[in-house]
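Colleague: Chains as they are written, first to last, in the numbering used here: chain G, 1 to 180; chain A, 1 to 180.
Please note that a few of the clues may not be correct.
Note that the list lumps identical chains together, so a pair holds whenever it fits in one copy or between two copies.
The list that follows gives simulated cross-link-like pairs (lysine-lysine, PhoX-like), each with its CA atoms no further than 20 Å apart [what the hints assert, rightly or not]:
1) LYS114 <-> LYS136
2) LYS144 <-> LYS3
3) LYS114 <-> LYS72
4) LYS2 <-> LYS142
5) LYS72 <-> LYS173
6) LYS142 <-> LYS3
7) LYS25 <-> LYS58
8) LYS173 <-> LYS144
9) LYS144 <-> LYS2
10) LYS38 <-> LYS136
Keep in mind that the hints were calculated from the coordinates and are not lab data.
All figures in this text were calculated on a predicted structure; none of them were measured in a lab.
Number of protein chains: 2
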Amino acid sequence: MKKSIAIDMDGVLADVEDQILDWYKEETGLVMSRDDMKGRPEEELFPDRAVLRKILNKPGFFRTLPVMEGAKEAVAKLMEEYEVYVVSAAMEFPLSLFEKREWLSEHFPAISWKNIVFCGDKSIIDTDYLIDDHCKNLDFCKGKPLMFTAFHNVNMDHHERISHWNEVSDLLKRLEGVEV
Amino acid sequence: MKKSIAIDMDGVLADVEDQILDWYKEETGLVMSRDDMKGRPEEELFPDRAVLRKILNKPGFFRTLPVMEGAKEAVAKLMEEYEVYVVSAAMEFPLSLFEKREWLSEHFPAISWKNIVFCGDKSIIDTDYLIDDHCKNLDFCKGKPLMFTAFHNVNMDHHERISHWNEVSDLLKRLEGVEV
Numbered sequence: 001m002k003k004s005i006a007i008d009m010d011g012v013l014a015d016v017e018d019q020i021l022d023w024y025k026e027e028t029g030l031v032m033s034r035d036d037m038k039g040r041p042e043e044e045l046f047p048d049r050a051v052l053r054k055i056l057n058k059p060g061f062f063r064t065l066p067v068m069e070g071a072k073e074a075v076a077k078l079m080e081e082y083e084v085y086v087v088s089a090a091m092e093f094p095l096s097l098f099e100k101r102e103w104l105s106e107h108f109p110a111i112s113w114k115n116i117v118f119c120g121d122k123s124i125i126d127t128d129y130l131i132d133d134h135c136k137n138l139d140f141c142k143g144k145p146l147m148f149t150a151f152h153n154v155n156m157d158h159h160e161r162i163s164h165w166n167e168v169s170d171l172l173k174r175l176e177g178v179e180v
Numbered sequence: 001m002k003k004s005i006a007i008d009m010d011g012v013l014a015d016v017e018d019q020i021l022d023w024y025k026e027e028t029g030l031v032m033s034r035d036d037m038k039g040r041p042e043e044e045l046f047p048d049r050a051v052l053r054k055i056l057n058k059p060g061f062f063r064t065l066p067v068m069e070g071a072k073e074a075v076a077k078l079m080e081e082y083e084v085y086v087v088s089a090a091m092e093f094p095l096s097l098f099e100k101r102e103w104l105s106e107h108f109p110a111i112s113w114k115n116i117v118f119c120g121d122k123s124i125i126d127t128d129y130l131i132d133d134h135c136k137n138l139d140f141c142k143g144k145p146l147m148f149t150a151f152h153n154v155n156m157d158h159h160e161r162i163s164h165w166n167e168v169s170d171l172l173k174r175l176e177g178v179e180v
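Isolated chain G (complex conformation) (with noise of 0.2 Å):
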């Protein structure tokens, strides 16, 4: 049977960074730039939450995502060893179920809706690795953690880390014990 792997989405396989701050703008005003976010959590830099929620929550946020740079090819490749599942905590933002599921099937059709989990917490989801931006996710999962770097993140390493999705399946390899 394949090894299995869950993916996040949102910093994982949907580029959010700039997204988030051009919609930040145009709703505030406030200029920040992807050098201002780094090393600091999400509550420092948006302090006021009803901004970021209202950002979150309007029409075409989740839908219009870029894909993050590499995944595609990254997670074709990944397909060919392992089960791969795409697990979103999805759950927070209604409105946003359809649009990631609609995002899914236009970026990675590939993907059969059968590897889709859209859920809130992710210590039930049990597979051999997960990829994922946050601790809250990479502390409690089951399998084994892989953290993708993020602007929140840079200063942690108390899991493997990822910088790019062309450094995955390498690193598969080592952790397999397979020479690269």
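Fit chain A to the supplied structure of chain G, relying on the hints for placement.
Modeller: Then chain A, alone, in the frame of chain G:
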């Protein structure tokens, strides 16, 4: 830590049988009763899968389902002792995603978005118990499967059976060796 229970929606929390029969009649003119359905697999009952898919994709189908008798009271009681998750294979019908989320907010407002999972294949869900009506889920679940009676499973006997929500509390006590 509380033990965890995953509970299916269609046929378990939501009573789908009458609604399918009513909408099927409206679509095809064919009249069937609950008794006609008993013991027959879905594939035999609805040989034209396209009609069934059409019904399940119609706006409002999932949003207007009645709550299964006794489910509200039983779930409220379970939540006192267990971590209760709702786990629905909603991904096959993308339009159902928002409707199912709304339905849960209306009928089970105490269940947090953190404890709701919409998926395809349930085999990566790891909870101590799974209450479901489909063997395709029960046969491969990681915890203890509990089969909720539905027309298509009345002749199966390889799992513990729940015929009504008012049996659940005593069944769980028995399984855990607590005197009822």
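Colleague: If the cutoff is 20 Å on CA atoms, where do LYS72 and LYS173 land: within, between, both or neither? Let me know, please.
Modeller: For LYS72 and LYS173, only the intra-copy Cα distance (19 Å) is at most 20 Å; the inter-copy one is 48 Å.
Colleague: With identical chains, the pair LYS173 and LYS144 could be close in the same copy or across copies; at 20 Å between alpha carbons, which is it: within, between, both, or neither?
Modeller: The answer is within: 13 Å in one copy meets 20 Å, while 34 Å across copies does not.
Colleague: For LYS144 vs LYS3, is the C-alpha pair at or below 20 Å within one copy, between two copies, both, or neither?
Modeller: Close inside one copy (11 Å), not across copies (23 Å); limit 20 Å.
Colleague: Are the CA atoms of LYS114 and LYS72 at most 20 Å apart within a copy, between copies, both, or neither?
Modeller: So LYS114 and LYS72 pass the 20 Å test inside one copy only (19 Å; across, 28 Å).
Colleague: Within a copy, between copies, both or neither: which one fits LYS142 and LYS3 at a CA-CA cutoff of 20 Å?
Modeller: both (13 Å within a copy, 16 Å between copies)
Colleague: Should LYS2 paired with LYS142 be assigned to within, between, both, or neither, using CA atoms and 20 Å as the limit?
Modeller: both (17 Å within a copy, 17 Å between copies)
Colleague: Checking LYS38 and LYS136: alpha-carbon separation at most 20 Å within a copy, between copies, both or neither?
Modeller: within (18 Å within a copy, 45 Å between copies)
Colleague: Between the shortest in-copy and the shortest cross-copy C-alpha distance, which are at most 20 Å for LYS25 and LYS58: within, between, both, or neither?
Modeller: So LYS25 and LYS58 pass the 20 Å test inside one copy only (14 Å; across, 38 Å).
Colleague: Using 20 Å as the alpha-carbon threshold, which applies to LYS144 and LYS2: within, between, both, or neither?
Modeller: within (15 Å within a copy, 24 Å between copies)
Colleague: Give the relationship of LYS114 and LYS136 under a CA distance limit of 20 Å: within one copy only, between copies only, both, or neither.
Modeller: between (25 Å within a copy, 12 Å between copies)
Violated hints are absent here; each numbered hint is respected by the structure.
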